[in-house]
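Enquirer: With chain Z's structure known, arrange chain A on it following the hints.
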Amino acid sequence: MKKKMLSLVLAGAMMATVLTGCGSTGADAGSTAEGTTVDATEDTGADNAETDAAGTESADATDAAQTASAGGTFKIGGIGPLTGGAAVYGIAAMNGSQIAVDEINAAGGICGMTVELNFQDDELDAEKSVNAYNTLKDWGMQVLDGCVTSGCSIAVSAKSAEDQIFQLTPSGSAVECVSNDNSFRVCFSDPNQGSASAQYIGENGLASKIAVIYDSSDVYSSGIYEKFAQEAANQSFEIVTAGAFTADNKTDFSVQLQQAKDAGADLVFLPIYYNEAALILKQASDMGFDVQFFGCDGLDGILGVENFDASLAEDVMLLTPFAADATDDLTVKFVTTYNEKFGETPNQFAADGYDAVYTIKAAAEQAGITADMSNEEICTALSAAMTQIKVDGLTGAGITWDASGEPTKAPKAVIIKNGVYTAM
Amino acid sequence: MSFAAHLINGISLGSVYALIALGYTMVYGIAKMLNFAHGDVIMIGGYVVFVTVSGMGMNPLASIIISMAVCTILGVTIERVAYRPLRGASPLAVLITAIGVSYLLQNIALLVFGSDTKAFTNVVTLPNLELFDGQLVIKSVTIVTVIVNIIIMVGLTLFVRKTKIGRAMTAVSEDQGAAQLMGINVNGTIAVTFAIGSSLAAIAGVLLCSAYPALTPYTGSMPGIKAFVAAVFGGIGSIPGAFIGGILLGVIENLSKAYISSQLSDAIVFSILIIVLLVKPTGLLGRKIQEKV
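From first to last, the protein sequence lines stand for chains Z and A. Quick note on our numbering: the first sequence kicks off at 1 and runs consecutively. Quick note on our numbering: the second sequence kicks off at 1001 and runs consecutively.
For reference, chain A alone in the conformation it holds in the complex:
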């Protein structure tokens, strides 16, 4: 019974990682850059919902839509101001810029909202699922997170495969130069990618804070890093890979906490990551890209 409980808690944690990892993988898959500020966009999304729901008493659904809008604008702005001018620069410069943006967002939040922890109101008001006379509790937010994950996963896959702009994204991800020659607006396509990635971040922020209701300017940073690991684990650039990587990471983390050592869980998680990368460098579901000579 306690194994089942640990497993469910692991899925609960993993589903949040998966949701964040989807955003990472989306941006990486198309723009080929690691947006380290993703975790902090999540934090901003959380604050927007906190302010509108707890501060102004707004309906949670309306506030989530506002939060998605704010994050979309934020994501597109970051892309326009910080990343687009570096399009031709070395990947290292873009990476460092992303880290800079991450710190910028954290410190802005620190300035605006202050450092003290805000208790987030759970927007998922459904009752928890209790099995075996309450021996086993599945939190409603976990169920919602898993369902949202699946919807986003299917939606993104369909979007990328079936729509015109989705196919443009695939083209840009394969060869930016060639895509441009074919008449695709590369900058516009990447901006749309950031818009989608950031609105996903808003949803992730709401569900992250609903599951773990402590909101601080640093809320997004550690889950962001774990989700990045999950995305690499599952195969960065792969949409189902992000989901599977996230869930696996959460389950491994919780089971190693429970049965090996609660202090070594991170060490175990990252050791597994190293082993996976040694054996299968592209991650679990990553495609091997043939380099043409």
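So that you can see chain Z by itself, here it is in the shape it has in the complex:
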């Protein structure tokens, strides 16, 4: 008891020193080495913990200062759809972010500051997203981990640029999501997904005649389609039909499927969300159209549709940066924790959320963020630090960013076999 009191007092006394210490070390690291990685930082954290375990008085105090709220709090706001048609994405990203926050807090926080995550619902509605943003701003958000979806991200990024709050979207993939200097993303952009899909199909010789069914009223879907069509010109296959649908007309796909069938397509590319894709798979099977389906990250979640006949999705391929059955340590650990906490297998949005928080941590440590910095200062410092860090995350090893906000990482594809995602 007495020891605890002592360490608290010491912690209080040392708080300022520790904070400035962290700040200056971070800045030093930033100026000396471009290639500082998260691993390196994490190692230091682990070393600290070992020293603590050895148990000298001063180390104990330092540790207390780093873990206790006495070190200040670092407030990360999150926005995504927690209810509504896209809730699967928002909830997954929130849960993934929460796991990362818990891990970071257990390991001493960011620069000694305890991380607090406040995740708000936007119901996939741009207007509600801006409302959620304002709520978070009143709460004292320092960094924004969001939004989860493209449309909302774009709406909010106008506000965050105005207020100079650093924004990192885990999964907002439309080009415009990162058009401001303060906004970055973890996932691929739509164009990148489109061209990566075309390259993947072409290089692996999956098909020669391709039909596309896309949502022309959705920026995500039409963005991917445009780049896919551009890249298709350089590939060995041809696009035989491109059937569009709109948000008001998304239950009946018989015409688009019939056109694909008549054109002799051997692969149907679905750059759409899983709700419509589930209907398309069902209708294709009803009309006896047996064809290979290939999708992007929007298809992730199709197996989570309640009562969905998983045999319909057999052999469906999708381009996604995350496969839950991968065997690397980081993925295994994440999937186990996620399963324990939330009782389901995480999808790639959970992984994006997890990586987003670790990316914020890496950038914050690179920039040497301290509790007394204003949002503008944090924003400028983090934006500069983003181009210097390299993150080994769940969604890719050695992810780097350029000043435009786009990440660089290698695409992966998974195929659904016996009702589970299997890495290809």
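Among the hints, erroneous ones may be present.
Unchecked claim - What follows is a list of derived Cβ distance ranges for each label pair:
| # | chain 1 | residue 1 | chain 2 | residue 2 | range |
| --- | --- | --- | --- | --- | --- |
| 1 | Z | G264 | A | T1121 | 30 to 36 Å |
| 2 | Z | V420 | A | F1132 | 22 to 28 Å |
| 3 | A | R1080 | Z | K209 | 57 to 63 Å |
| 4 | A | T1163 | Z | G419 | 48 to 54 Å |
| 5 | Z | A247 | A | L1129 | 30 to 36 Å |
To be verified - In silico lysine to any residue, SDA-like type, Cα no more than 20 Å apart, as pairs:
| # | chain 1 | residue 1 | chain 2 | residue 2 |
| --- | --- | --- | --- | --- |
| 6 | Z | K250 | A | L1277 |
| 7 | Z | K250 | A | A1214 |
| 8 | Z | K333 | Z | K209 |
| 9 | Z | K412 | Z | D290 |
| 10 | Z | K250 | A | S1261 |
| 11 | Z | K209 | A | S1002 |
| 12 | A | K1032 | A | R1167 |
| 13 | Z | K250 | A | M1222 |
| 14 | Z | K250 | A | I1260 |
| 15 | A | K1032 | A | L1277 |
| 16 | Z | K250 | Z | K209 |
| 17 | Z | K250 | A | L1255 |
| 18 | Z | K250 | A | L1264 |
| 19 | Z | K128 | A | G1114 |
| 20 | Z | K137 | Z | K159 |
| 21 | Z | K250 | A | K1032 |
| 22 | Z | K250 | A | N1122 |
Stated by the list, open to error - If you only want the chain Z side, here are some residues facing chain A, beta carbon under 10 Å, derived:
| # | residue |
| --- | --- |
| 23 | P81 |
| 24 | G84 |
| 25 | V88 |
| 26 | G202 |
| 27 | N204 |
| 28 | S216 |
| 29 | G243 |
| 30 | D252 |
| 31 | Q256 |
| 32 | A278 |
| 33 | G288 |
| 34 | G301 |
Source of the hints: derived by calculation from the structure; they are not laboratory data. Think of the CB as a built atom: it goes at the ideal place given N, C-alpha and C, for glycine as much as any other residue.
Expert: Just chain A now, kept in the frame of chain Z:
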């Protein structure tokens, strides 16, 4: 061959619109009000079947009967609580209330069942009809929907013409005040209308979700609006008009998707609606009602 396929798919879509439009037209024809919550009663009907069949493993037929019962009670309750107190109010107030009820039902469903899509189990387990070596597939649910449409259409017509309560409905639709003077219980008659309209909604919900097996709290809203258009197209208040309007709407929608533009299909459908209304304001089969001076 592909034209035939598009045509059949159009009829398949249209038969669902027609089924929903029958409910709209029934209520409008008698109570002279647009029940915008009809599409959402359909959604509730779908959820009841989903819960009883997929959740409790009940027999589909039994679950459809339960769903009809639930929707009937729901429809009568909505009428009693939200519409009856507004009987004397302006039609605009009733219309706005109906929109309010529609949102209320959607949000209740959102709260109870959550937002994620539920894959509906097709309750029509008959095999699909395959013609020309599987070149042309007619889904069994389409055949069932068309047959159900015809049965309901004939049944409703007979009911309205031959039964006492049916004739009371006709009387109420022509003049509520005069009907009351003749000793007809207007409130009771309108309540029965809502009961029938809502139990039809349950059937429509089951067949809609069997044909397009994605169930969300918003499942009923867009088909509801399209079916409303179909009812106006065919002549709102006319029972055969709802059927013909629904089928035509589905066929036009699918053919314009196939041969003109898949993105412009809705624009084309609604343009045709405008033209029909300009040329024939009462819709295809609507009766012209002479205003007495």
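Enquirer: Next step is simple, just say for each hint if it's right about the structure.
Expert: Evaluated hints:
1. G264/Z / T1121/A: 30 to 36 Å: holds (32 Å)
2. V420/Z / F1132/A: 22 to 28 Å: Violated - the Cβ-Cβ distance for V420/Z and F1132/A, about 38 Å, lies outside 22 to 28 Å.
3. R1080/A / K209/Z: 57 to 63 Å: holds (59 Å)
4. T1163/A / G419/Z: 48 to 54 Å: For G419/Z against T1163/A, whose Cβ atoms are near 52 Å apart, the range 48 to 54 Å holds.
5. A247/Z / L1129/A: 30 to 36 Å: With a Cβ separation near 32 Å, A247/Z and L1129/A satisfy 30 to 36 Å, so the hint holds.
6. K250/Z / L1277/A: Given pair K250/Z, L1277/A is violated - Cα atoms ~26 Å apart, limit 20 Å.
7. K250/Z / A1214/A: With a Cα-Cα distance of about 11 Å, the restraint between K250/Z and A1214/A holds, given a limit of 20 Å.
8. K333/Z / K209/Z: violated (41 Å)
9. K412/Z / D290/Z: Violated. K412/Z to D290/Z sits at ~25 Å, over the 20 Å cutoff.
10. K250/Z / S1261/A: holds (15 Å)
11. K209/Z / S1002/A: holds (19 Å)
12. K1032/A / R1167/A: holds (16 Å)
13. K250/Z / M1222/A: holds (10 Å)
14. K250/Z / I1260/A: holds (18 Å)
15. K1032/A / L1277/A: Holds - the C-alpha atoms of L1277/A and K1032/A are around 19 Å apart, at most 20 Å.
16. K250/Z / K209/Z: violated (24 Å)
17. K250/Z / L1255/A: Distance ~16 Å between K250/Z and L1255/A Cα, so the pair holds.
18. K250/Z / L1264/A: The given pair, whose Cα atoms are some 13 Å apart, holds under the 20 Å limit.
19. K128/Z / G1114/A: holds (18 Å)
20. K137/Z / K159/Z: Judged against 20 Å, a Cα distance of about 11 Å means the pair holds.
21. K250/Z / K1032/A: Outside the cut-off at roughly 31 Å; violated.
22. K250/Z / N1122/A: Holds, at roughly 19 Å.
23. P81: This hint holds: P81/Z lies near chain A, its Cβ roughly 8 Å from the closest one there, short of 10 Å.
24. G84: holds (5 Å)
25. V88: Because about 6 Å separates V88/Z from the closest Cβ in chain A, which is inside the 10 Å limit, the hint holds.
26. G202: violated (26 Å)
27. N204: At about 29 Å, which exceeds the 10 Å cut-off, the nearest Cβ of chain A leaves the hint on N204/Z violated.
28. S216: Given a least distance of 5 Å, the restraint on S216/Z holds.
29. G243: Result: holds, 5 Å to nearest chain A Cβ.
30. D252: holds (5 Å)
31. Q256: Cβ of Q256/Z sits 6 Å from chain A, so the hint holds.
32. A278: holds (6 Å)
33. G288: holds (5 Å)
34. G301: holds (9 Å)
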